[in-house]
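Protein chains in written order, with my numbering: chain A, 1 to 208; chain B, 1 to 138.
Since the hints were derived computationally from the structure, they do not count as laboratory data.
Keep in mind that a hint or two might mislead.
Here are the simulated distance ranges between beta carbons [stated by the list, open to error]:
1. SER7/B with SER82/A: 54 to 62 Å
2. GLU55/B with GLN109/A: 55 to 63 Å
3. ALA140/A with LYS59/B: 37 to 45 Å
4. ARG73/A with ALA73/B: 31 to 39 Å
5. GLN21/B with SER90/A: 43 to 51 Å
6. LEU26/B with PHE42/A: 26 to 34 Å
7. ALA147/A with ALA39/B: 34 to 42 Å
8. LYS59/B with ASN50/A: 41 to 49 Å
9. GLN30/B with ALA140/A: 55 to 63 Å
10. ARG73/A with GLN30/B: 17 to 25 Å
All C-beta atoms, glycine included, are put in the ideal place defined by N, C-alpha and C.
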Amino acid sequence: MGHSEGLHRRSFGLAGLPERTSSRDGLRGGAGLQMRAMAVEFPVVHGHPNRLPFEGVLTLVDVASDKAPSGSRGHRVVLTRSAAETALPSLLGMAVDYKAGWDGHDARQKCGIITSAEIDGQKLTVAGYLFARDFPEMEAKIQVDGAMGMSYELADAHVADMRAQVWTLTRATFTGAAILLREKAAYRSTSFHLKRPVNAGRRVAVGR
Amino acid sequence: MKDELGSTVERLAAAAGLLEQAVERLAQRQNDFALDAEASIGRIVATVERQREAELEEKLAAAEAQIAELKAAAAHSVPAEVTHGRKTLPASMVNLLAKQGVTVDAMEAGAVDAALVSLSVEQRIAVKSQLMQAGLLG
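Just chain B, same shape as in the assembly (with noise of 0.2 Å):
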């Protein structure tokens, strides 16, 4: 009984085989068919192809237009991302400075001075070396 399931399924696992040799085949050959259609032109003319030249042109000027645009927003997001740089600023220093009345978001140095006079000079130099380790001061 064992024998003859055995050599059922060798007989199967053969003709699967022959199967898939068989539709790598028809595959192969309708590529060639594809391919040999494709190898003959209706009609060509050696003039230069103007359609395509304008198609690349007005590829290439938005292409251009895209390239300008993006640069333009990267030269604007340069202060945006170091505004919100802040992310790397201990919240404890942005606290202290909420209380001397400084906001991140419109910082300028000699606002800062003004804002740190009350503090010492240890936490001056701190807060400034934060600041600056966030990129806020320059």
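So that you can see chain A by itself, here it is in the shape it has in the complex (with noise of 0.2 Å):
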């Protein structure tokens, strides 16, 4: 099962509320380790040519980054897992982009969108689509393995001590994210990929 088929589900399943609504939840593993999830749903369009689906591992939460981000003052930054969990809500609906060398963010163009985004553990992923027939160019650069990353676009970020030598961001809005090299990323561990359609899986299977 694919990540966000998986939070779809998951989230579903639990609220037990009927499509294109949203849905949020805490499931606690059996590590003792908190869950958030959230999903919006979009409706099934088989072999619609304007989504790929994607999926990837936004950034870490209560986790350092490992270089300072961009805004940040040269400071490296933490984002809180209780800030993340809060900000959840705020990246549904907001808009995937990229930029010409693979180097940072231009938010005019955006090329997918986020649906779903789940804590788990100290990785917080998202899901969704991009929209590939817009965009032919993507396709075959985000296919090398390995090589892509995310990175979050925050507004209205709290520190709770700008003195501090990391930063920790208590509360923040997330406004959108991009597709870049991981190289570029503040978060070297982020990273990104396209989802295989069932469908095209199926076709190999039945070839054989």
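Given two chains presented individually in distinct reference frames, assemble the corresponding complex, making use of the accompanying hints.
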């Protein structure tokens, strides 16, 4: 089961809400780790030419960034789990963008949409769709395994102590995300990859 | 009259003390407000700050160039300092050398020996000793 598909099912299975609504749930795993997930369910359109499903690790929570993000005045940052959980709803419906050179954000080059988000352990993972037909140049680049990562964009971030060497973000709102080279991301452990359409897998199996 | 003046002074001193405390509290509050205002950041993007890195790289390059220049200048300045080290050479010795046709600016061991031929051994030893102390001869 793909990651985003799993998110959708989990979310709806627990909340029992009808389709095309959003829900939010907390799961407590066997190891005592709490997981938060949220998704917006889109109606299924088989063979949609402009919907290419993706999933990725957007950032880590309670972990200091490997490098100072842009806008943090040279400080590395920690997004607290609490802040991330509170901000999770703000991620849904936000766009993913990319910049020529794959080294930053171009908020006006929106090439996809985030439809689900989840905090599992230290990973904040997202899933959604890319507008593959509108941006045909993306697919080849993105399919290089392990090369691509993600970067969030925050607004109104609250810093617990501005004088601290590593800034702790206790409150924020997600306003978007970017696909970029992992080495250009402030968190090196982010990732991004396309999901194989379920139908394509079935076709291959039948062909054998 | 004196008691009245004394009590007035005391009251004024107390009022001044209160004013000082109030000013301190206001300054502290202003500081707190400033920190609170700074605590909210408009936009953060989890991309490596290229501009800052570029600035730091530029600064590093400039610093390295400056270090190289200083090293080069220091290497060049050593002989110059030694040459100007004649400050420590007594004036009588400079005059003696001048009479022999030797200037301290362009001094070579061979030239000194040749120039001092006319002097006695003791004088030669004294001159060379002074020159060595002044750092003009190795």
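Here's how the hints hold up against the structure:
1. Checked against the hint of 54 to 62 Å, the pair SER7/B and SER82/A passes, with Cβ atoms roughly 59 Å apart.
2. Taking the beta carbon of each, GLU55/B and GLN109/A are about 26 Å apart, not inside 55 to 63 Å as hinted.
3. Our hint of 37 to 45 Å for ALA140/A and LYS59/B holds, since their Cβ atoms are close to 38 Å apart.
4. For the hinted restraint 31 to 39 Å between ARG73/A and ALA73/B, the CB-CB distance of approximately 36 Å keeps it satisfied.
5. For GLN21/B paired with SER90/A, a C-beta distance near 45 Å keeps the hint of 43 to 51 Å intact.
6. A C-beta distance of roughly 56 Å is found between LEU26/B and PHE42/A, which places it outside the suggested range of 26 to 34 Å.
7. With their beta carbons about 36 Å apart, ALA147/A and ALA39/B fall inside the hinted range of 34 to 42 Å.
8. Between LYS59/B and ASN50/A the CB atoms are about 46 Å apart, so this pair conforms to the stated range of 41 to 49 Å.
9. Hint check: GLN30/B to ALA140/A, Cβ distance near 57 Å, so the stated range 55 to 63 Å holds.
10. For ARG73/A and GLN30/B, the Cβ-Cβ distance of about 22 Å falls inside the hinted range of 17 to 25 Å, so the restraint holds.
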